[in-house]
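Engineer: As you go down the protein sequences, you meet chains A and B in turn. So for the first sequence, our numbering puts the first residue at 1; every next one is plus one. So for the second sequence, our numbering puts the first residue at 97; every next one is plus one.
I should point out that these hints are in silico values taken from the structure, not numbers from a laboratory. Bear in mind that the values here come from a model prediction, so they are computed numbers and not experimental data. All C-beta atoms, glycine included, are put in the ideal place defined by N, C-alpha and C. Be aware that one or more of the hints could be misleading.
What the hints assert, rightly or not - With a Cα cut of at most 25 Å, we get these calculated SDA-like pairs of lysine to any residue:
no.	chain 1	residue 1	chain 2	residue 2
1	B	Lys160	A	Gly76
2	B	Lys762	B	Asn705
3	A	Lys61	B	Lys134
4	B	Lys134	A	Glu19
5	A	Lys45	B	Val116
6	B	Lys442	B	Gly333
7	A	Lys45	B	Leu175
8	B	Lys442	B	Gln245
To be verified - With beta-carbon atoms standing in for the labels, derived distance ranges:
no.	chain 1	residue 1	chain 2	residue 2	range
9	B	Arg481	A	Thr50	57 to 63 Å
10	B	Ile183	A	Ala88	18 to 24 Å
11	A	Thr50	B	Ile183	37 to 43 Å
12	A	Thr50	B	Glu157	55 to 61 Å
Stated by the list, open to error - Stretches of chain A that chain B covers, calculated by requiring three or more beta carbons in the stretch to come under 8 Å of a beta carbon on chain B:
no.	region
13	34-42
14	59-67
15	71-84
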Amino acid sequence: MLVLQILAHEPMHGWGISERIQGLSKDVLRVTQGSLYPALHRLEKRGLLTSYWGSSRNNRKAKYYRLTGAGEKSLGQEAEGWERFVAAVQGVMGGV
Amino acid sequence: MKWIHQLRFLLRPFFGRNRVHQEMDQEFRFHLEMEREKLRAQGMDPETARREASLRFGCVEGLKEEVRDVDGVGWIEKLLSDARFGIRVLRSNPVFAGVAVLTLALGIGASTAIFSLVDGILLRPLPFEDPEELVTVWADLSGIDGPVQEWLSFPNYEDARGSGLFEELGAYFEWQGSLAGDGATQALQGIQLSPEMISTVLGVSPILGRGLLTEDGRDGAPPVALISQGLWDRLFGSDPGVLEMTLLLDGTPYEIVGVMPTGFTFPNLGGGFSAQLLDQEVWLPLQTEGLPQDRGDAFIRTLGRLAPGISVEVARERLLQLGNRLSEEYPEANTGVTYSIFPLQKDMVQAQEEGLWVLLGSVGFILLLVCLNLANLLLARGSARLEEMAVRSALGAGRRRLIRQLVTESTVLAVLGGGLGMLVAYLATDLLVSMAPEGTPRLEGVGVDGRILLFATVVTLGSGLLFGLFPAWRLASGNLQGDLASGSRTSEGRGGARLRSGMVGGQMAVALVLLVGAGLLLQTFRQLSRVDLGYDPTGVAAGFIGLNGDRYPEAVDRIAFVTELEGRVSALPGVEETGIVSTLPLSGLNGDVGFQVEGRTPPPPGQENISWIRRITPGYLGAMRIPILEGRPFMDADNRDQEARVILVNETLAERYFPGETAVGKRLNFGDPDDPTWREIVGVVRNVKNFGLRAGSPNATYFPYAQVPNLGLFITARTTLENPESLIPALRGELAQIDEQIALAQPGTMEGMVSGALAQERFVATLLTLFAGVALFLAAVGLYGVVAYNVALRTREMGLRIALGADGGRITRLVLGKSMFLGVSGLLIGLGGAVALTRFMEGMLFGVRPTDSGVLAVTSGLLLFVAGLASAIPAWRATRVDPARALKAD
Numbered sequence: 001m002l003v004l005q006i007l008a009h010e011p012m013h014g015w016g017i018s019e020r021i022q023g024l025s026k027d028v029l030r031v032t033q034g035s036l037y038p039a040l041h042r043l044e045k046r047g048l049l050t051s052y053w054g055s056s057r058n059n060r061k062a063k064y065y066r067l068t069g070a071g072e073k074s075l076g077q078e079a080e081g082w083e084r085f086v087a088a089v090q091g092v093m094g095g096v
Numbered sequence: 097m098k099w100i101h102q103l104r105f106l107l108r109p110f111f112g113r114n115r116v117h118q119e120m121d122q123e124f125r126f127h128l129e130m131e132r133e134k135l136r137a138q139g140m141d142p143e144t145a146r147r148e149a150s151l152r153f154g155c156v157e158g159l160k161e162e163v164r165d166v167d168g169v170g171w172i173e174k175l176l177s178d179a180r181f182g183i184r185v186l187r188s189n190p191v192f193a194g195v196a197v198l199t200l201a202l203g204i205g206a207s208t209a210i211f212s213l214v215d216g217i218l219l220r221p222l223p224f225e226d227p228e229e230l231v232t233v234w235a236d237l238s239g240i241d242g243p244v245q246e247w248l249s250f251p252n253y254e255d256a257r258g259s260g261l262f263e264e265l266g267a268y269f270e271w272q273g274s275l276a277g278d279g280a281t282q283a284l285q286g287i288q289l290s291p292e293m294i295s296t297v298l299g300v301s302p303i304l305g306r307g308l309l310t311e312d313g314r315d316g317a318p319p320v321a322l323i324s325q326g327l328w329d330r331l332f333g334s335d336p337g338v339l340e341m342t343l344l345l346d347g348t349p350y351e352i353v354g355v356m357p358t359g360f361t362f363p364n365l366g367g368g369f370s371a372q373l374l375d376q377e378v379w380l381p382l383q384t385e386g387l388p389q390d391r392g393d394a395f396i397r398t399l400g401r402l403a404p405g406i407s408v409e410v411a412r413e414r415l416l417q418l419g420n421r422l423s424e425e426y427p428e429a430n431t432g433v434t435y436s437i438f439p440l441q442k443d444m445v446q447a448q449e450e451g452l453w454v455l456l457g458s459v460g461f462i463l464l465l466v467c468l469n470l471a472n473l474l475l476a477r478g479s480a481r482l483e484e485m486a487v488r489s490a491l492g493a494g495r496r497r498l499i500r501q502l503v504t505e506s507t508v509l510a511v512l513g514g515g516l517g518m519l520v521a522y523l524a525t526d527l528l529v530s531m532a533p534e535g536t537p538r539l540e541g542v543g544v545d546g547r548i549l550l551f552a553t554v555v556t557l558g559s560g561l562l563f564g565l566f567p568a569w570r571l572a573s574g575n576l577q578g579d580l581a582s583g584s585r586t587s588e589g590r591g592g593a594r595l596r597s598g599m600v601g602g603q604m605a606v607a608l609v610l611l612v613g614a615g616l617l618l619q620t621f622r623q624l625s626r627v628d629l630g631y632d633p634t635g636v637a638a639g640f641i642g643l644n645g646d647r648y649p650e651a652v653d654r655i656a657f658v659t660e661l662e663g664r665v666s667a668l669p670g671v672e673e674t675g676i677v678s679t680l681p682l683s684g685l686n687g688d689v690g691f692q693v694e695g696r697t698p699p700p701p702g703q704e705n706i707s708w709i710r711r712i713t714p715g716y717l718g719a720m721r722i723p724i725l726e727g728r729p730f731m732d733a734d735n736r737d738q739e740a741r742v743i744l745v746n747e748t749l750a751e752r753y754f755p756g757e758t759a760v761g762k763r764l765n766f767g768d769p770d771d772p773t774w775r776e777i778v779g780v781v782r783n784v785k786n787f788g789l790r791a792g793s794p795n796a797t798y799f800p801y802a803q804v805p806n807l808g809l810f811i812t813a814r815t816t817l818e819n820p821e822s823l824i825p826a827l828r829g830e831l832a833q834i835d836e837q838i839a840l841a842q843p844g845t846m847e848g849m850v851s852g853a854l855a856q857e858r859f860v861a862t863l864l865t866l867f868a869g870v871a872l873f874l875a876a877v878g879l880y881g882v883v884a885y886n887v888a889l890r891t892r893e894m895g896l897r898i899a900l901g902a903d904g905g906r907i908t909r910l911v912l913g914k915s916m917f918l919g920v921s922g923l924l925i926g927l928g929g930a931v932a933l934t935r936f937m938e939g940m941l942f943g944v945r946p947t948d949s950g951v952l953a954v955t956s957g958l959l960l961f962v963a964g965l966a967s968a969i970p971a972w973r974a975t976r977v978d979p980a981r982a983l984k985a986d
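With the hints as extra help, turn the sequences into a complete structure.
Structural biologist: Here is the structure:
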């Protein structure tokens with residue numbers, strides 16, 4: 001979901017995504033950077049992402065990932081599910 | 097769109113494997129470089145930055161494998177590595193691999209070859225436009241104990257044609273004639289058909305010129321002909337100017353209007369089994385005007401195309417209604433007569449269908465035997481590999497992984513066997529086609545092509561799974577750690593032994609089923625070859641002569657021709673006797689008429705007395721050695737005197753109409769009851785098998801040729817020559833001396849015709865016997881394998897027994913007892929299977945029932961004998977075990 005959310009703004013390459021995850025989650029979610037790639041390929045196989053080769057800002061060839069229509073839909077659903085979950089947890093926590 | 101995406105992933109393993117690897121490298125490299133630059137920008141020195149970047153990224157190779165798995169390119173690599181390993185394993189054991197690949201190649205090759213016959217003859221659509229709409233319509237006389245497929249009378253044909261059920265229903269006849277040209281006159285064969293037949297019904301166009309037109313069939317239209325490409329090449333050197341030329345057929349010039357492509361054959365049915373033998377070289381328009389309008393006079397064969405929206409079932413229903421209506425309207429001719437309709441394709445291959453399916457089933461069984469044998473071998477070998485499996489399992493290979501490895505190995509075997517099998521199939525298909533009986537329909541379309549190869553591939557992979565999966569599953573599912581600990585070299589569990597024994601029993605059973613099938617067919621063949629033909633075919637040469645009615649218009653002309661021909665032929669050296677007959681036995685040509693017996697009330701409509709008629713010269717009975725049972729044969733005087741109204745009848749007619757009394761002297765009437773011409777029976781002759789060896793001998797009457805001289809006749813000559821066939825050139829020569837425009841058609845020997853009538857049976861029986869032999873051999877090998885293996889396993893036990901004083905006989909009994917138990921259980925199952933399966937071939941049998949005790953006993957005995965033989969060698973070996981060695985071995 002994180003990856004989808006990040007890609008919802010703009011297409012990005014793998015390194016960019018990993019930087020963004022670290023930045024956004026304020027270094028809380030810290031995994032080996034490489035483990036991102038199997039996830040990306042899995043999402044691509046499920047049709048939520050597509051990839052293309054483009055040039056990065058410093059003019060190097062990089063593989064960019066972009067959200068597909070199905071990806072947007074899935075993101076919407078997951079985000080909704082997540083919000084519900086958070087709301088439920090908050091409800092429980094607040095009730096105590 | 098979604099599936100294209102999926103397809104890309106599916107295909108990637110095959111085509112984009114290298115690209116995927118490169119892209120992944122590049123992607124990872126990019127990431128690492130970016131990370132390194134970032135770290136360096138934060139002030140790290142290059143070397144530390146590089147290390148830190150790698151550290152943060154994780155294990156590159158592990159990730160690559162993970163991504164490969166995700167992208168679906170991983171499995172093919174595992175498969176390839178498994179396959180490579182499998183090939184290594186096989187190469188380390190070349191005898192096993194060789195035997196496995198060879199038997200598989202034979203099994204797959206034979207199955208594929210037989211399937212190519214089944215496919216080409218039975219399954220593939222006919223090479224005509226919308227072939228499923230093509231039908232044949234016949235007279236159905238089953239209501240009056242007649243055949244279901246009989247020719248139609250012209251008015252009955254016209255009524256069916258006008259029923260609205262057909263886009264077109266055409267009529268046709270076989271045509272045989274003589275072609276006179278620059279060289280010698282030659283016999284020519286073809287079809288005379290409704291002009292619409294080729295273009296409208298079959299939808300085939302000529303390669304040159306035009307097809308036949310409706311106008312060509314009108315009365316008085318100028319005679320035209322379509323010729324075959326073969327004739328065009330042979331006679332005209334493929335000259336396109338042929339369209340302005342004429343063919344002199346039976347003395348009449350026919351304008352050539354078109355050339356039909358090579359491979360075009362009109363589906364000619366219903367002229368008896370010889371119809372398929374007819375070489376079609378000309379197609380002539382049938383002029384229907386002037387054809388007999390008598391509903392009792394049946395001579396029309398049909399081929400039609402159903403009207404749009406009409407199914408065969410609907411047409412059958414409506415034709416039955418039409419038939420019933422006609423029976424009411426025309427009770428004299430049509431009582432008990434209705435229509436039957438068949439899809440053309442089914443009709444064409446009726447005679448072959450059952451035999452082909454039986455053969456396909458049999459090779460299927462052979463393939464099953466091959467697979468069982470291999471499964472058995474793999475199981476035995478697997479026991480020896482338990483240790484390897486245990487080690488691999490201990491090193492972390494999962495059970496699925498082990499099964500996959502083993503199945504891949506067996507698939508490698510199957511693919512090698514299948515590849516070789518396709519080669520075998522190529523050769524065997526050619527062999528089968530050349531072996532197939534002359535006149536087998538659609539043989540020209542039989543061959544190995546993409547369809548057949550697809551079949552072979554499916555069979556290959558299927559058998560690979562069949563013989564591989566089961567042993568693999570057994571092997572991988574055992575308690576492997578325990579096996580490793582025990583350290584025993586060969587420790588097949590009880591279950592494994594029982595399984596292998598069960599498989600061998602199954603092989604015995606399958607082999608017996610094939611043996612019984614082959615036995616029944618051989619017995620059928622024997623019975624058919626011993627059928628009393630009613631004549632002696634040895635030493636008789638024969639040929640057909642078609643006279644042209646325009647050139648031999650009067651009876652005297654025909655009689656003069658026949659008399660001169662007989663005179664010349666009987667003067668030939670080596671000729672003992674010669675005679676003329678209108679319908680030669682087994683020739684497929686026949687004609688029947690109704691008759692009445694003098695002094696008896698005429699039977700009611702639908703129950704007329706019918707007799708087949710033959711016109712003969714006095715020499716015929718002698719030439720064919722047809723015995724006279726009572727009375728006298730025809731004399732030369734009968735043949736000269738048109739007033740001597742004499743006939744001969746066969747045994748069937750004599751016994752049916754004159755039981756308990758003599759037929760000689762009685763009189764029959766074959767004409768109009770209002771104008772009786774009574775003919776006196778002067779003799780009774782032996783029944784002759786006229787319609788095929790399986791058919792009975794219905795009523796038959798012989799007329800002196802001179803009294804009713806017809807145009808189509810056969811010359812028969814009994815010769816003392818070693819080979820009667822060598823008389824044929826002389827027959828041709830004499831014929832040309834009399835009339836150079838007539839050619840001898842379908843020349844041959846009577847022995848050849850009888851043998852031809854058995855060709856189909858011989859073909860199927862030969863193949864099935866061959867298959868049964870192979871099956872028996874495979875089952876014997878299977879049994880030998882199991883017994884030998886058991887003996888090997890029990891070497892120590894045997895040594896101990898011998899050491900304790902068991903003699904050779906005891907040991908032999910021990911080993912044989914077990915294998916005989918297997919043999920007998922297989923036998924019992926096989927007998928059950930044989931009884932269940934052989935009833936499907938009942939239609940092919942003659943003179944023997946599917947449960948014939950003799951056949952069952954002989955085949956069972958054979959199976960047990962071979963089983964005994966197969967276990968005798970290991971048993972003998974068991975008695976030779978050296979106790980001292982066996983006990984010290986471990």
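Engineer: The structure should be examined with respect to each hint, and the outcome stated for every one.
Structural biologist: Now the hints, each set against the structure:
1. Lys160(B) with Gly76(A): 30 Å, violated
2. Lys762(B) with Asn705(B): Holds: Lys762(B) and Asn705(B) sit about 15 Å apart, inside 25 Å.
3. Lys61(A) with Lys134(B): OK: Lys61(A) and Lys134(B) at ~17 Å, within 25 Å.
4. Lys134(B) with Glu19(A): 10 Å, holds
5. Lys45(A) with Val116(B): 14 Å, holds
6. Lys442(B) with Gly333(B): Roughly 38 Å between the alpha carbons, so the hint for Lys442(B) and Gly333(B) is violated.
7. Lys45(A) with Leu175(B): Distance ~21 Å between Lys45(A) and Leu175(B) Cα, so the pair holds.
8. Lys442(B) with Gln245(B): Given that 25 Å is the threshold and the Cα spacing comes to 13 Å, the pair holds.
9. Arg481(B) with Thr50(A): 57 to 63 Å: 47 Å, violated
10. Ile183(B) with Ala88(A): 18 to 24 Å: 58 Å Cβ-Cβ, so the 18 to 24 Å window is violated.
11. Thr50(A) with Ile183(B): 37 to 43 Å: 39 Å, holds
12. Thr50(A) with Glu157(B): 55 to 61 Å: 26 Å, violated
13. 34-42: Satisfied; 6 residues make the cut.
14. 59-67: holds (count 4)
15. 71-84: violated (count 0)
Going down the numbered hints, you'll see the structure goes against 1, 6, 9, 10, 12, 15, while the others check out.
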